[in-house]
Structures are given as C-alpha cells and as structure tokens.
Amino acid sequence: MSEIDRGLEHLKKTPETSEDEDKSIPIAELALSAEAVIAEPNVDLPIQISDDRVEELNPPVSDSTPQIPQPTPAAQPNDNIEASLFSQDSSSILQAILTELKLLRGTVDLLRQEIVDIKQQEYTPRSTKTTLDNIGQKRSQVKTNIPSRKTLETQSRSKKTDFNAVSYLQDNGEDKLQEELNKKTDTELRQVLRSEGVKTGKDLKTIEREEMIQEIISNTKRRLKQGSAFLQD
Amino acid sequence: MTTVVSIINLKGGVAKTTTTVQIAECLASEFSKKVLVIDLDPQTNATIALIGESKWKDLDTERQTLFHLFHDKLERTSYFDINKAIQTGVSNLNLSTLSLLASSIKFIDIQDRISDIAEKSAYVTNPMEVLKAAIFNNLKDYDYVFIDCPPNLGFITRNGIEISDYYLIPTIPDELSTYGIPQIIKTINDFKTTRHLPIKCLGLIITKYSSNSSIHSRVKTELPARLANIFDELKIPKAPVFKTIMPQANATAEAMEFGVNPGTFRQKYGRSKSGDRYLYEYVIDLAKEFIDYV
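Top line first, the protein sequences correspond to chains R and E.
Okay, so the first sequence: first residue is 1 according to my numbering, each after it adds one.
Okay, so the second sequence: first residue is 234 according to my numbering, each after it adds one.
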C-alpha cells in the first residue's frame, strides 16, 4: 500500500460525529497524506464527505419547490481534503498543515515546470541552420586543402624548370652560366634541355652530364643572339 | 605635345594594324585623347577597319589618299589636300576625336618609284620627307599619332620614321616573327643616326599569344633578354617588352569588321573572353602601359 493510499484509508476511517475524536487524528498520518498529494497532485482522492457536512453545504429544499438538478462543479482534490478535514472541525494545526500543503503544491508545480523546461532544453535538436552552416564550413575547409584536378594533372605532367638560361646568360655571361649549370643535378639539366626542346625521349636518357651542359650553353647562346647576324655591317 | 609612334615589323601578320587600331580607338574612346591614324600600308587594312570600303572608294575617287600625296610629287600634280584627306570621327564607334589619313592599294604601284621624287622635283623634295612636309602643320592638333607601317623598311616606312618620336614592334612570340627584330632596331638606329632623328624604340608588344603553345611560352620568357642583348650590342638605350600580352582571340579579328555596329568600345572588344578577361581589358591595359612609357 502506498503512502497516499494509507493516508486516504485513514481519512475514511475517521469518525464523523465527535469533535474530540477528530482531534485525535494523528498528525503524522495527515502529513503522509499531504506528502502523497504533493507527490501526485492530480490524483483524484476518493475522500468521502460526511452526511452532516453535505447537509450543511446543501441545505434541504422545500418540497413545494421543484428541485432542479444543478450542475455541480467538479470537486477538486484539495477541496475534498479541506471539506473532509473541516468537516471534522480540524484544529488550527491542521489548518496550518493545509496552508503549508497549498504552498508546497505551488512549489511542486514550479519545480515540475522547471523539470519540463530542462528536459525540453536537453532534447531540443540543434538548429538545422547552424548544423548546415557547420557542415558547409567544414566542407569548404576540406575543399580548400584539396588541390583541383586540373592542378594535380598539371603538376604531374609538368616537369618544366623555372630556370631561364637565356636571361641568365644575358645577365651574367657564359662563365656564370656554366657555374650555375654545374650546380644542377642531372635531372635538373635534363629538365632544362627538355623545356628548351633541344633533346627529348631517348636522347635525354643516354646523354652524359658534361654533354648536357655544353648543349645547354650552345643552345642558349644561339637563342640569345638569334637574328644578330643582321646587326653586322 | 603630340607624340608620334610608328608601328613596325618586317614580318607581315604580326598584328601591326590590329594593334594600331586597338590602341587608337582605346585612347580616343576610353581616355578622351585626340588621335590620328596614318595608314602607310598599301594593304589598306587600317583604312578599311576605320572607315570601311565605301568611304575609302570615295576618298580614292577624290584623290585624297596618301597614294595621291606621293603620286602628286611624282607627276608634279597637286590634287592632294591634307585638310580634305584627314577624315575625322572615324571608326564604327563614331569617335569624334579619332581621325584617319587613308592609304590606298595603289601604293603598291608607286612604292618602288618613290626615290624618283627627288629627281622629278629637281632635288627640291626629299623622298623621305614627303609625308613630313604635308602633315607637319597638322600634327599639333593631336595628342597621339599612330603610323601603321608596311612590313618593310622602304621609302614609305621611312617617311613614317622621319616624323616619329617612337617606334613600337608588335610580334608573335615565335621563331620567325622575332627573327627580324635585331634588323629592325639596327636599321632604324642607322637611319636615325644618318638623318639625326629623335626616334627611339618604345618597346616590344607580344601579340597573338597562345598560352597553350610551348614555343610561345618559351619565346615570351626569352624575349626580354634577347631584346636587351640587341640594345647592348648596338649600345643604345634599352626598351621594355610590354607587360600586357595580347592574346590570340577570335574577338580581335571580329572587332576589325567595320560593317557591324558594335555600340561602345567595351562592347566592340568584349564579345568573348580570353582566359578570364575580356579583350577590351587587355587593350585598356596596353593603352595605359603605352601612356606610361611615352
């Protein structure tokens, strides 16, 4: 049996006539009932009001007057409790307890509302817009870091060197160009030859380092001086 | 102060006429400059691009082309009148500040006889100063004068060099188009020295550039060094390769058609993009760079 049931059972057993006996209702029992109401405020307490109290609340109507059944408002649990308790002519202690009960019920209502609010906050899904924005940002970050297909193809295909031998020869002369070429690896020298279209394919694989340097120098000199024969008188 | 610039290259088809017309139209349209184009090329392409064939025919009938200027000197006639010959408000853009001195295809018939002018005039007229004598008083009316020269360094071209402050060399960045550059620079320098002329090289303009051509790409990177080498060998002041590179574009050829009504300069040179830019953007950049250098 739950606390509330026991409290209600006790109220049912309470004598209906004696005020002295009413005073004998154990406070602890009432407190238990109050706690039960607090815990389950919407429970419909099946408290029965004594016949005397009913008569007091609903005085008998004269026989001559036809009695029209009046719709009675739905009794509230608290009203029932109050009716029951006051019907027993409760002491001031009981009134205080009931007052306290009302206050507690109001507090409980507030707490319940807060609990509901907290639960709603916990379960409210994140804003769709925010989520999409986050996805968009992540996507753009990833996309930025991935080189485009065109760039990848160009990088994989292009083996051109940035070294401009013609400009280097014009600016620094043949000796400096030879020094610069000596610093380069065989692969870099092959790239220079390939980019200038001097040698391609198998020729590039078989050519010796020194020969590569001489090829680059002679080709560069020829390019730099292209058309210079017309400068002679 | 008038600046006279000859557009020269010994090789044909390197966009001499196109470059001349583009810069002239751009300066007149976008920079509100007073510009005169002198068409010395017997091919008459600049003339057709700026006034169309019908108007040229009228001028030819009226004997008001540059051919008639030289023909008068050879035949001792005087039909040519410079004030009648200069056509103002030319181009299909209806540019009021752009003028033209038209050429004629008949130039071909007399270009080998121009040296005879001296003898015909009892050595009073120098055959290289025919143009100068005719136009000298009119030059002050313009901010810029562009001379579209034929692809040679004969008497007709020398008439243009005679009155020029600068010469520009348009070139396609390939082997053959660039081969004659040292010859142009040396010949003009020799002519300048002999005739005590003020003319200087303004620079080299890369035209018809195709970015997917490995030869164009390579020659483009080599040209500044090659040009510098020529100036070093001739011991003359260096001139730059223009930073603005004119692309190979269908819109360029389409823009030279006089018969259409293009509307504005930007519409005329904005029919299609080359790379991520419209052709008019390249032309404006070229004109700005030109103004910076002169």
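Calculated directly from the structure, the hints in this document are not laboratory data.
Note that the structure is predicted; figures quoted are calculated from it, not measured.
Idealized CB from N, CA, C, for every residue including glycine.
Please note: incorrect hints may appear among the correct ones.
With a straight-line cut-off of 27 Å between C-alpha atoms, the simulated DSSO-like cross-links for lysine-lysine are [stated by the list, open to error]:
(1) K521/E with K225/R
(2) K453/E with K184/R
(3) K373/E with K221/R
(4) K365/E with K225/R
(5) K225/R with K468/E
(6) K221/R with K453/E
(7) K225/R with K339/E
(8) K506/E with K225/R
(9) K244/E with K176/R
(10) K221/R with K288/E
(11) K184/R with K225/R
(12) K471/E with K183/R
(13) K453/E with K176/R
(14) K221/R with K290/E
(15) K373/E with K225/R
(16) K221/R with K365/E
(17) K433/E with K199/R
(18) K266/E with K221/R
(19) K225/R with K353/E
(20) K471/E with K176/R
(21) K267/E with K225/R
The following residues of chain R were derived to be distant from chain E, with all beta-carbon distances above 12 Å [what the hints assert, rightly or not]:
(22) V108
(23) I146
(24) D162
(25) S167
(26) D171
(27) S218
Inset, instruction - Assess, step by step, whether the Cα of K221/R is no farther than 27 Å from the Cα of K453/E, and give holds or violated. - result: Distance ~17 Å between K221/R and K453/E Cα, so the pair holds.
Inset, instruction - Could you grab the alpha-carbon distance between K373/E and K221/R and see if it respects the 27 Å cut-off? - result: violated, 46 Å
Inset, instruction - Measure nothing beyond the straight line between the CA atoms of K225/R and K353/E; if it is 27 Å or shorter, mark the hint as holding. - result: violated, 43 Å
Legend entry - Hinted pair K221/R and K288/E, Cα distance within 27 Å: violated, 51 Å
Inset, instruction - Hey, is S167/R genuinely clear of chain E, shortest beta carbon separation above 12 Å? - result: About 4 Å separates S167/R from the closest Cβ of chain E, which leaves it inside 12 Å; violated.
Legend entry - chain E versus D171/R - minimum CB to CB distance exceeding 12 Å, so not interface: Violated, since 7 Å does not exceed 12 Å.
Inset, instruction - Starting from K221/R, check that the Cα of K365/E is at most 27 Å away, please. - result: violated, 41 Å
Legend entry - Beyond 12 Å from each Cβ of chain E, as asserted for I146/R: Correct as stated: the minimum Cβ-Cβ distance to chain E is 22 Å, above 12 Å.
Legend entry - 27 Å limit on alpha-carbon distance, applied to hinted pair K225/R and K468/E: holds, 15 Å
Inset, instruction - Given the hint that K365/E pairs with K225/R, test it: the Cα-Cα distance must not exceed 27 Å. - result: Cα-Cα ~35 Å, so violated.
Legend entry - Satisfaction of hint between K176/R and K471/E, Cα-Cα up to 27 Å: holds, 23 Å
Inset, instruction - May I ask you to check that S218/R keeps its beta-carbon over 12 Å from the closest beta-carbon of chain E? - result: At roughly 15 Å from the nearest Cβ of chain E, S218/R sits farther out than 12 Å, so the non-interface label holds.
Hint compliance for this structure: hints 1, 3, 4, 7, 8, 9, 10, 12, 14, 15, 16, 17, 18, 19, 21, 24, 25 and 26 are broken, all remaining hints hold.
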